[in-house]
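Chains as they are written, first to last, in the UniProt record's numbering: chain Z, 1 to 149; chain Y, 1 to 267.
Derived by calculation from the structure, the hints in this document are not laboratory data. One or more of the hints may lead you astray.
[As the list claims (entries may be wrong)] Taking lysine-lysine pairs in the DSS-like style, the calculated list, with each CA pair at most 30 angstroms apart, reads:
(1) Y/K61 - Z/K107
(2) Y/K61 - Y/K99
(3) Z/K107 - Y/K164
(4) Y/K95 - Y/K119
(5) Y/K144 - Y/K99
(6) Y/K144 - Y/K119
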Amino acid sequence: MSSQVVRPGAEAAERIRGPRRPAGTLYRGREGMWSWVLHRITGVAIFFFLLVHILDTALVRISPDAYNAVIGTYKQPIMGLGEAALVGAIGLHALNGLRIILIDFWKLGPRWQRVMYWIVLVLWVILLAGFLPRQFVNIALEFQGMPNA
Amino acid sequence: MATAVAEGSSAAQAPAPIQAFTVTLIIRRFDPEKDAEPYWQDFDVELYATDRVLDALHKIKWEQDGSLSFRRSCAHGVCGSDAMRINGRNRLACKTLIKDLDISKPIYVEAIKGLPLEKDLIVDMEPFFESYREIQPFLIASDKPEKERIQSAAQRERFDDTTKCILCAACTSSCPVFWTDGQYFGPAAIVNAHRFIFDSRDEGAQVRLDILNDKEGVWRCRTTFNCTEACPRGIQVTKAIAEVKNAIMRGSADIPVSDLAPTPQRA
């Protein structure tokens, strides 16, 4: 009878009371679910970038000067950071897209999907490791008012 | 160590009591007659490591609050009645041992997601079974053999995985697509279609492939693998769905050719 172990936070139960998370708990999916969430977010982000990008490219038909002015803003440091995010999003979307194709068409895809997810992340880090240093140097040069070489 | 040879120590007492723990369960309650919104309620229960979450629910219902409502029938992981979200993952309460959970923190228990909540941990399963019925989960065959329908071991093996389904809805209600789109057939219906599509004795594969070749059919699957993680029977659900996708694209299911001798025909 005396075997009851009082948990250190026995009074904590009082504090937890109430709808701390009114909408229920977040479903705790694993790699598959999070890769899907990332794929959605990057996909929507890339869509909106392409929308803007098609519009700004179409400007060249209206006025080359206006086109140059708009494209020139891409050189600003803030846009440089945006470009870095864009490359990151496209890289992840592309690599995970290959993973999804393998899941659907490769016989062993569903079995190895979790491993493939981590391979995607490793390849993505390698990709960004090759790109980001150069991009940040360019941003820094632009920030100091020097046109990049 | 059969007989105690202790000298005067208290070691020769009755067998040591099994260690019990006070576990906090935080359960998402909802009474449609009283509550506008579901709310969390916590219970402290004395449990052994070998107890299951279902035992904890029983203790609460029998000793603390008789109004707690949940479904259970066999209590041994066969009937598929007590699928619920335990610490944010779909599990059968009768197969989830307390020792496998982190009891230094409270255990969150709530109803499965995506189906209409009726009371506490009970949801309306009718939309789920509706999808199940739609894929015609029964043998479709034109001939009537005198004895049995012959099938080779390889042919039986082809759909063995999907015969294990107990229709608990853990997979369907773990699917992010199903949460937002209740029209989606859902993993369980596709698994049970797979069970007949890849059965060499069945002749209705094309019918079922046509049913699932739909905007709300297999193409809604986004391969999040939540269903495979949630299945208490260990069915490779996402793999089964991928096989149905491929069967639709090829136009037929790949069933192994029988290695049995030609069946003796009726005279």
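Y/K61 paired with Z/K107 [C-alpha distance capped at 30 angstroms]: 47 angstroms, violated
Is the hinted pair Y/K144 and Y/K119 satisfied, with a Cα-Cα distance of at most 30 angstroms? Violated: Y/K144 and Y/K119 sit about 46 angstroms apart, past 30 angstroms.
Can you confirm whether the C-alpha distance between Y/K144 and Y/K99 stays at or below 30 angstroms? This hinted pair is violated, its Cα atoms lying about 52 angstroms apart.
Pairwise hint evaluation, Y/K119 against Y/K95, where the allowed Cα distance is 30 angstroms at most: The hint holds at about 22 angstroms.
Hinted pair, alpha-carbon criterion (30 angstroms max): Y/K61, Y/K99. Please report holds or violated. 21 angstroms, holds
Between Z/K107 and Y/K164, does the CA-CA distance stay at or below 30 angstroms? 21 angstroms, holds
Hint violations for this structure: numbers 1, 5, 6, all remaining hints satisfied.
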